[in-house]
Structures are given as structure tokens and as C-alpha cells.
Amino acid sequence: MNALLLTSYYLVYRSLFMYVGISIFVAALVLGFGQESMHPFVVLLTLLLVSIPAMEVIKHESKSGYDKFVLTMPVNRAHIVFGHYLFYLAVLAIGIVITTVTFFVYFIVVEESYMQLLVQLAPSIMLVLLIGALIFPLLYLLGPEKSDGVLIVAAGAAILVSFLMERVVSNLVFERLAFNEAETSSMVVYSLTFVLIGLILYILSFLIALSVYKRKEF
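The sequence shown lines up with residues 1 to 218 when you count with the numbering used here.
Don't read these hints as lab results, they were simulated from the structure.
There may be inaccurate statements among the hints.
List of simulated lysine to any residue pairs, SDA-like, C-alpha gap at most 25 Å [what the hints assert, rightly or not]: (1) K216 <-> D148; (2) K68 <-> Y13; (3) K214 <-> L201; (4) K216 <-> L4; (5) K216 <-> I203.
Distance ranges between label pairs, derived from CB positions [what the hints assert, rightly or not]: (6) M38 <-> R215: 43 to 49 Å; (7) L71 <-> Q35: 49 to 55 Å; (8) G156 <-> T72: 32 to 38 Å; (9) I152 <-> K214: 22 to 28 Å; (10) S64 <-> F107: 40 to 46 Å; (11) F107 <-> T72: 18 to 24 Å; (12) L196 <-> V110: 26 to 32 Å; (13) Q35 <-> K63: 37 to 43 Å; (14) M38 <-> D148: 24 to 30 Å; (15) A28 <-> L141: 38 to 44 Å; (16) G149 <-> F41: 23 to 29 Å; (17) L71 <-> F163: 38 to 44 Å; (18) E217 <-> G34: 46 to 52 Å; (19) G34 <-> I108: 14 to 20 Å.
On a predicted model such as this, the values are computed, not experimentally measured, just so you know.
Note that CB positions come from ideal geometry on N, CA and C, so glycine has one too.
Please take these sequences and the hints and turn them into a complete structure.
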């Protein structure tokens, strides 16, 4: 498994560092000179930019012929699929760390509550998880040569689902369960619900992708 993760890293490490640099620059620029209304957009953009290289791993594997070579290694197809999903989570974690550190410094300077970051971060994590949950099964099914189109479709569908989920979660937490928006504990529950939904859908996606990949012929 370590070998699979390292291979994924070396296939995209240049673009990963590039997107990390861009995300830090954009976040610092907007936090320093932009409007507060743009903060949720910056959170989402940071996670998306950092996650893009992980979405390109399968395309690079196909171009280099590694997708066929890896089948000759002492790993099964479940390990390969799990490696893709795990690498995506690892890269997403990098994006979360970058976002958290950047905004934490900002909130210290402007003396605002860190809870605002949690509220902005959780829906963005769910959205990026949804994109990953959609893109991997589609890439296995349609092929990496259609990765650009798959990414657009996955992003559009994930945004739509995320918007619907946000309304459902808000209704559930603040109306059905009668949590108070002014309470910190309520906002923690609200935020963690998004992350939990994203993780559940991501796990279901892994099972679907594994089924597709096991039937795939090279």
C-alpha cells in the first residue's frame, strides 16, 4: 500500500506543490484584501485546488502505462482502488491543514471566533468528498481519456447535491432537532453532519468503484 501511495505522489507531486502554492497565495490575498463574504469561497477553492492533482492520478497512470504494470505487482485490485481513494483523502487533509492554519492566523489578527471557520469548512469538505465519490467510479467506467469531462460532470453534480444537502441538514438540525444556532455545540453538530454525510457517500463510492474496477479489462 505504501508503494501505491508513493507512486501516486510521484506521478503528481509537481502539480501538487504548484496548486498548494496557488491556494496559499489566493487565500492570503483574499483574506488580506477581499470582502468577508468571499471567505467561504476561499475555503472551497483551497480544498479544490489542492485536491486536483489527486483527481489526475488515474490519467497519469494511463499515460505512463502504470495502470497495466501495477496489475503484475503482488497487489489485488482492491488495493489499487483503495490506494486511489486513500491518496485523495491524504491530499484533501493537506488542503484542510492549509485552510485551517491560514484562517486561524487570520482570526487571531482580526480577533474573530474560530467557529466561523468550522461552519465554512465542513460543507466544503463534504463537497470535495462528493466530487471524489463521483469522479473515481466514472473514471474507472469511462476511462481516463475522458477525465476532463468527468471532472466537470462530477463537480456540477456534487455542487447540486451539496446545495440540497445543506438545506436538508439545516432543516434537520435547526428545525426538526431544535438546535440553537447561537450555541457552539449546535454549530459543531451542524458542521460535523456535513463531514459525516461526505464520508458515508465516499465509502459507498469506494464499494461501487471497486465493483466497476474488478470487471474492468485492460
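A quick look at each hint next to the structure:
1. K216 <-> D148: Cα-Cα ~20 Å, so holds.
2. K68 <-> Y13: Roughly 21 Å between the alpha carbons, so the hint for K68 and Y13 holds.
3. K214 <-> L201: Holds, at about 20 Å.
4. K216 <-> L4: holds (19 Å)
5. K216 <-> I203: Answer holds: K216 to I203 is near 20 Å, not above 25 Å.
6. M38 <-> R215: 43 to 49 Å: holds (44 Å)
7. L71 <-> Q35: 49 to 55 Å: holds (51 Å)
8. G156 <-> T72: 32 to 38 Å: holds (37 Å)
9. I152 <-> K214: 22 to 28 Å: holds (27 Å)
10. S64 <-> F107: 40 to 46 Å: 43 Å Cβ-Cβ, so the 40 to 46 Å window holds.
11. F107 <-> T72: 18 to 24 Å: Taking Cβ atoms as reference, F107 and T72 lie about 51 Å apart, which means the hint is violated.
12. L196 <-> V110: 26 to 32 Å: Since L196 and V110 have Cβ atoms about 30 Å apart, the given range 26 to 32 Å holds.
13. Q35 <-> K63: 37 to 43 Å: holds (41 Å)
14. M38 <-> D148: 24 to 30 Å: holds (27 Å)
15. A28 <-> L141: 38 to 44 Å: The hint (38 to 44 Å, Cβ to Cβ) holds, given that A28 and L141 are roughly 39 Å apart.
16. G149 <-> F41: 23 to 29 Å: Given a distance of about 24 Å, which is inside 23 to 29 Å, the answer is holds.
17. L71 <-> F163: 38 to 44 Å: holds (39 Å)
18. E217 <-> G34: 46 to 52 Å: holds (49 Å)
19. G34 <-> I108: 14 to 20 Å: Because 18 Å falls inside the window, the suggested range holds.
Going through the hint list in order, the structure does not satisfy hint 11, though it satisfies all others.
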